[in-house]
Structure formats: structure tokens, C-alpha cells
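Novice: Model the placement of chain B on the given structure of chain A, informed by the hints.
Protein chains: 2
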Amino acid sequence: MEVYLPMRLLEERILRDGKVRPGGILKVDGFLNHQMDVELFASMAKAWHEAFADDNVTKILTIEASGIGLACIAAQEFGCPVLFAKKSKTKNIDGSVYTTRVESYTHGNIYDVIVAKEYLLSADRVLLIDDFLANGAALEGLCDLVRQAGATLVGAGIAVEKAFQPGGERLRAKGLRIESLARVASMSDDSLTFVR
Amino acid sequence: MEVYLPMRLLEERILRDGKVRPGGILKVDGFLNHQMDVELFASMAKAWHEAFADDNVTKILTIEASGIGLACIAAQEFGCPVLFAKKSKTKNIDGSVYTTRVESYTHGNIYDVIVAKEYLLSADRVLLIDDFLANGAALEGLCDLVRQAGATLVGAGIAVEKAFQPGGERLRAKGLRIESLARVASMSDDSLTFVR
Numbered sequence: 001m002e003v004y005l006p007m008r009l010l011e012e013r014i015l016r017d018g019k020v021r022p023g024g025i026l027k028v029d030g031f032l033n034h035q036m037d038v039e040l041f042a043s044m045a046k047a048w049h050e051a052f053a054d055d056n057v058t059k060i061l062t063i064e065a066s067g068i069g070l071a072c073i074a075a076q077e078f079g080c081p082v083l084f085a086k087k088s089k090t091k092n093i094d095g096s097v098y099t100t101r102v103e104s105y106t107h108g109n110i111y112d113v114i115v116a117k118e119y120l121l122s123a124d125r126v127l128l129i130d131d132f133l134a135n136g137a138a139l140e141g142l143c144d145l146v147r148q149a150g151a152t153l154v155g156a157g158i159a160v161e162k163a164f165q166p167g168g169e170r171l172r173a174k175g176l177r178i179e180s181l182a183r184v185a186s187m188s189d190d191s192l193t194f195v196r
Numbered sequence: 001m002e003v004y005l006p007m008r009l010l011e012e013r014i015l016r017d018g019k020v021r022p023g024g025i026l027k028v029d030g031f032l033n034h035q036m037d038v039e040l041f042a043s044m045a046k047a048w049h050e051a052f053a054d055d056n057v058t059k060i061l062t063i064e065a066s067g068i069g070l071a072c073i074a075a076q077e078f079g080c081p082v083l084f085a086k087k088s089k090t091k092n093i094d095g096s097v098y099t100t101r102v103e104s105y106t107h108g109n110i111y112d113v114i115v116a117k118e119y120l121l122s123a124d125r126v127l128l129i130d131d132f133l134a135n136g137a138a139l140e141g142l143c144d145l146v147r148q149a150g151a152t153l154v155g156a157g158i159a160v161e162k163a164f165q166p167g168g169e170r171l172r173a174k175g176l177r178i179e180s181l182a183r184v185a186s187m188s189d190d191s192l193t194f195v196r
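These protein sequence lines map, in sequence, to chains A and B.
In terms of our numbering, the first sequence opens at residue 1 and continues consecutively.
In terms of our numbering, the second sequence opens at residue 1 and continues consecutively.
No lab work stands behind these hints: they were computed from the structure.
All clues stand as given, with none of them false.
Copies of the same chain look alike in the list, so a pair counts if it fits in one copy or across any two.
SDA-like cross-link-like pairs, simulated, lysine to any residue; straight-line CA separation at most 25 angstroms:
(1) Lys87 x Pro22
(2) Lys19 x Ala42
(3) Lys117 x Asp55
(4) Lys46 x Gly175
(5) Lys19 x Lys117
(6) Lys19 x Leu9
(7) Lys86 x Arg13
(8) Lys89 x Asn109
(9) Lys117 x Ser96
Excised from the complex, chain A in its bound form (with noise of 0.2 angstroms):
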């Protein structure tokens, strides 16, 4: 079941303050992701608490960096704990993490991101947090991680989801419920509409 949250708060921020560059680069760094505006990631836990009041969360899942943030403030909401998977340069050579690949298109690489098994427990009931969703490669590796650890993974609170990029569609498509405050129809430099 998927429901749509109007967050208008965040729909006019990004209208006021984001920036459009060339490449199809949504550029946030003034409140979301760089500089980090609390009092708005408040109301943003709030809309996902909203959503997913009823799924029991144990345990929100983001990914290091620009999740965290939000991930935190979220967590308040939910009166959880946050797990951050990490970038790993390093092999798994103890068994001691879950590893999987994750490949960036924004800046073209391949890299794995890890969570240690002692705090994933196949009786977590997982929210996934990220800031953005686009081609959706970041949050199909949270969603393996969660898979490997045999947890339920209730769903996913984004922030902006560039909707004209195949990763919600192809993740609601496998039946992940996605919650995004903010979904970008369409951009360009002198414009920007969101899904309605």
C-alpha cells in the first residue's frame, strides 16, 4: 500500500533555496545535505512517522553521509535506534558484517557498504531513510542488507525522489513501500514541477 504524503514544507523549500545544474544535478546543500536544517528534518520525521506509525519500526537504516542526519531525527519519531551502513574499503574477513555492492551513477563507481550482523537482527523491523532517490541503487543495497539479516523491511522514508529517474518506480514495481516527501516530475533550469 503505498500513500502519498503532501509535504508541501519541503516541496517550497526546494523551490525557494534549490539550485538546478547542469547534468540533472538537484542541488540541496543549503538545507538537506551539506548545511542541514533540523527544524525542517523535524517535520519531514514527523511525515514518515505519520506513514509508518503502525509498522512497529525497530530500527531505521540509512547510509553514510548525508542520511545520518535525517535518519537521527527520524529515529526521535519512531524511539529507535539508527544503524548507518558504511562505505567499505576493506574485505569482510571475520564474517562479521553483511556486505553489498552498491554502483553510483553520480559519480560512476562501484563500491560495497557494510553493517555489522550484531546490530541487523532478523527480528528488526526495518525503516530505510535516505535522502535522495534516483536511480534507486543506494536503497536496493539497504534493501539486500535487511534481506541478508533476514529482518522485515517495512518500508522506505525519502526525502526528494526524482521520479522522472526509474529507482522508485522499479522498487514499488518489487514491492517495496516508499514513502517520499517530495517527488521531482520534471527539471530544468528554469523550472521544476513535482509529481501531484
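Specialist: Just chain B now, kept in the frame of chain A:
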């Protein structure tokens, strides 16, 4: 002026859940820097706010990745935004960022960290937040970014200081006010003591 903050809650948590690993590693990733206990973070934020309440903090500066969660929860107490310094592999070609070089003793490498000039202003009164203080390289890098911006450096809130390593002493000698919530005096496989 330095005020010692007795933050017994964090000390007790370190004694309960922390693990000392070979090579002087204090592993606190069950609650501080992999899995994150945001309820504990809220208590820590209150302690920092108590220490810096009269300093009119306008911005919290931290460094990715593990400082971000602490910084965001602290920012809610101070009612200000967070800015996190990013590890960068690309050269600053357009002059839009402040850059400083940080030497990691833990990982044995040197990296550049950057912040966008537009988010760190000369009018800012900056509080630094980080999870660990040992040799002080990361904290010194953040101080340098504040200096480059011509902003006012109010001080630093640290979760765990390894008081037997030289960073804290060196930076305090330079005039930096540092409020560490737990100061480890010594640690070995079977004991850990705090500075009193």
C-alpha cells in the same frame, strides 16, 4: 574557561557496552558511531547546551560521517543549522569552498575536507561537535575551516576524549574550549578509567 561536565550516563554506557580492541581501539559502535542511540544523544546534546548556552551559537560544524548524528541532535537544542565538512577527492577549482588537510592516524592517510563558503560566514558563532578526540587532527581541521571563514569559534563538544592522547591538551593550550562528555584516562583489555 573550561567547565568539566560530568556526563555519567555516557561513562556508564562506555563501561557497559564499549570494548577495548588491540591497538588502542575503543569500540563504541553499538551506541555511538555505527548503531546510534538517539535517546542517549539527546542527553548529550543537553549537556553541551548547558555548557555553551550563553555563547549564542549560530552554527554547528562537524565532519562526516560519525559526527553528523550527534551534531543534528545537538542542533535541535541550540536551534541552529548543522554544517558538515565533507571528505573530498576533487580539487577546488572555482574557489567556492574552504579546504583543509586532515591526517588520519587511525587509517594512516591524509585527506582534504571542504565546506562551501556560502554556508560558513564571518558572522557565524561556531560550535564544533565530534564523536572522538584523540590526536586532534580532525578537530584541528575544523578549527582551520572556521578560521578561514573569519567566523567566531565558540568551542568544541566531544563525546569521547582519549585523554591519554595529545589532541585535547594541544588544542586547549591553543585556547580552544573543549567540553568532552567522557574523558578516558587509561584503557586496557580488562579495565577502563575516566579522568575525574
